[in-house]
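Visitor: Each chain is listed here by its residues.
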Amino acid sequence: MLGYVIRRLLMAVVILFASSYLVYVLSAFAGDPLEDLRQSRDPNREALMAQRTERLNLDVSPFLRYFLWIRGALGCAAPFIAQCDLGTNLQGFQVTDLLARAMAQTILLVTGATILAIIIGITLGIVSALRQYSGLDYGITFMAFLFFSLPVFWVAVLLKEFGAIRFNDFLRDAGFSPFTIVFVDIVTALAFYSAAYGATRTKALISGGAALAVMLLMVGVDATGWLKAPFLGIPGILVLGLLGAVVFTFLISGFRNKRALYSGLTSVLVAVIVYFPIQGFLDDSMTWPKMFALGLVTLVVGLGIGYAFGGYDRGQGMRVGGLTALWAGGLVLLDRYFQSWPAYVSHGRIRGRPIATVGSSTPGFNEGFWLTGIDTLTHLILPTAALMLVALAGYSRYSRASMLEIMNQDYIRTARAKGVSERAVVMKHAFRNALIPLATLIAFDIGGLIGGAVITENVFAFTGMGQLFIQALNVVDLNPLMGFFLITGILAMVFNLIADLLYSVLDPRVRVKA
Amino acid sequence: MTTQTPPPEGHTQHDDAVAKVAEEGIDGLARETEGLSQGQLVRKRFMHNTAAVIAVVVLLFVVLLAITSIGFGPIPGWWKWGFIEQPPLVDGGRPTLRFTGLGEHPFGQDNLGRDLFAMTMRGTQMTLLVMTIIGILTGIIGTVIGAVSGYYRGMLEAFLMRVTDVIIIIPLLVLAAVLGRTAMTYVGPGIWRVVALGVLIGLFAWTALARLVRAEILSLREREFVDAARLAGARDRRIIFKHILPNSVGVITVNLTLLLAAAVLLETALSYLNLGVQAPDWSLGRLISANQQAFTTRPWLFWFPGLFIILICLSINFIGDGLRDAFDPRQKKFNPKKATEASGHMLDETDGYSVVDAGAHQKDLPRDIARSGADDEGTAPGPQKPV
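Residue numbers (my numbering), protein chains in the order written: chain A, 49 to 562; chain B, 451 to 837.
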């Protein structure tokens, strides 16, 4: 294994050298870095051109100039021997600084989108595989094909119009007319009817229930002015928390393990009990490390509850307790953000239009932990949605295929034959194995994502890696461009290796050649 | 379906159902394969896929509409406006497309009065042109490099595959953007710049196909019919092109189709970033980027070009899916409704899974997943989608 990894890494270094050389030469011949000066009417433009040529060694042929660049770049690989120097851009800023700033922005952008796309995509894929050839399956399959064919810039412009501009207009005098409620209700009922599985009576019951729930929700939202001043409060946390506990119990252990269910319910109760005492702690003195510590405490408490309930399978109870505790903690946090929401919307810089269309934050907005947090979230929501929608399709197709393959294996039939419940068959025997090929795919995707959101960043004016690349390319600014490529190339290589190693670790049938 | 054994004595109702399905299966199989060439079989299976057939019709319609409406090169078009003319604005440029007819400006006009239908058709032409060039070049280069390295192995394979490795780690969008910028620098505006863009991208986009073809050839070259051909004295070239490649035509066609869909998105994305097709020519991506600010006032300028991108891309994806099913030898003629009913009779507790559709959903497994493993090459991704 170690030998294999070392061999792969050595190979990766050689390949990285070769492809960075290729990119360097190709980009160097893509245009003229002095073009802006050639067209300027500045009297001292000759001097400026000479200065830039001198600073960037533009008089050296690109075939050789690469080696000047790589000498500095190698310093980044061996920081003790030489200095890390990726050069400067046309304006004279250090590329390392530019990259650090751009990376932070891009990571902010892609993290949420990737996690959401993976969770939702895999869930959809698994569900459609379990209900193969049903209306739901056909619906999801068609949506997957559609999303796969959507250009991301088109989705992004649509989201800007309907998710931000129109939605902000709607929030101004938020409320539903009776006509809207009836219309949404009919659509919900139809959607649930075609998606439900079973006898006609069951389908009718399910769709009727869903429609009733949606109607009550909309009337409630309308009556309480929820859209203006959203809240969860004790009732919301209790209801949603208990729902979470039930779902986690069902997925992880099944209802026959009563102790697991009890530990989930207890976690929710604890969250409700500490709701008031903890509010004083969640003030503007909050910081991200403190938040992380709180999350950790929540997890430990949840696991402890599961441990205390014990039983024949303590691990299941602990998992249910821990997950439910995190879920309930997240609800308390959401409630805290909701409390700051009216203040954010009516803030002088926001002026009642909370959902932003460009940038990663309102310039100069710094109003304490909670308001700034909301500001970041409202800026992230649209680009995240665009990236997620586009990435979703691939995951749902792959997980459907993988799940179908697994569900057809002999050991699944064996499990069913010996009387294992359908839940255990799906969650324990099939789902885990279906994740193996997906693990490699996910590792692969993450490697490509850091440099991959070029268009999304462009549409939403996010100053991340993609923007850095496009701006550098437009003026043929080689140093930032190569910095961008170096990061994406290294990440692609590393995650490629991780994907392969992951596969051999997860699937014992695959062995790497040592 | 193929591995059913006759039921033992002492029939139950279930056994009868099994036997019936099994007989039908074997009969159906025999009838289907009798006296048909591989091409006929594939065509027949493809024609049974309604979605794919509709997709072919839609794609053909779009291509014909784009070429005949405003004409292309020497071909004259039947549409009255060109994509550069600026007729006077009618009714604020609103679309006149109705069920009754096209009207003066079916897709509407932009603020200068230019006819959006003509511009969209021009954009579709450019998108299809780039797609075709990329498809042809990628198909030829990828197949030849994959076949040669898979067949000859040794130093040649090592060299070609390392070249592939070097190119494949550059994200396709990044590479294409650099090449688009190059085309902008060296080729003057006009149709030749578009052609140059397609050629440059085609020269670098073959890597994924080459890997897949190589993997396919590696397994085919060990088969008996290749040995037989070699014993009969056939030359390498004949073995590769007459014996091996026809057998891997499924892999090539399917992956090429998926690559075409990716190429459409790639070209529109480049043009959206202003690194692809440029003024005064139109691409579907450039139409959207030029008109996105006008969404509130003239939404139709945004809807129609987007609709055409989705139409082209969606139909190609459906065709690719249909081809994958059609080329898969494990797949038999398959009716999902029938299978669900039959399985309902046979095994009540299996949620619709049964021996009847055993071969059926193999088709859904993407080839690169089926192949992926920890070998030297790393995991082969599908065509990248620009995001």
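Bear in mind the hints are in silico, worked out from the structure with no lab data behind them. Since this is a predicted model, take the numbers as computed values, not measurements. Fair warning: there could be bad hints in the mix.
Unchecked claim - No farther apart than 25 Å at their CA atoms in a straight line, the calculated lysine to any residue pairs in the SDA-like style are these: (1) K494/B <-> L510/B; (2) K494/B <-> F193/A; (3) K338/A <-> F193/A; (4) K476/A <-> T426/A; (5) K494/B <-> R557/A; (6) K692/B <-> R673/B.
Claimed, not checked - Not the full set, but computed from the structure, chain B residues with beta-carbon under 10 Å of chain A: (7) I620; (8) L625; (9) L629; (10) G638; (11) A665; (12) S669; (13) A719; (14) T746; (15) I759; (16) F768.
We put the beta carbon where it would ideally sit given N, CA and C, even for glycine.
Visitor: Compare the structure with each hint and give your call.
Guide: Evaluated hints:
1. K494/B <-> L510/B: holds (19 Å)
2. K494/B <-> F193/A: holds (23 Å)
3. K338/A <-> F193/A: With a Cα-Cα distance of about 43 Å, the restraint between K338/A and F193/A is violated, given a limit of 25 Å.
4. K476/A <-> T426/A: Violated: K476/A and T426/A sit about 38 Å apart, past 25 Å.
5. K494/B <-> R557/A: violated (37 Å)
6. K692/B <-> R673/B: holds (14 Å)
7. I620: holds (6 Å)
8. L625: holds (8 Å)
9. L629: holds (7 Å)
10. G638: violated (14 Å)
11. A665: violated (15 Å)
12. S669: violated (17 Å)
13. A719: holds (5 Å)
14. T746: holds (7 Å)
15. I759: holds (5 Å)
16. F768: Where the cut-off is 10 Å and the nearest Cβ of chain A is about 7 Å from F768/B, the hint holds.
The earlier numbered hints that this structure contradicts are 3, 4, 5, 10, 11 and 12.
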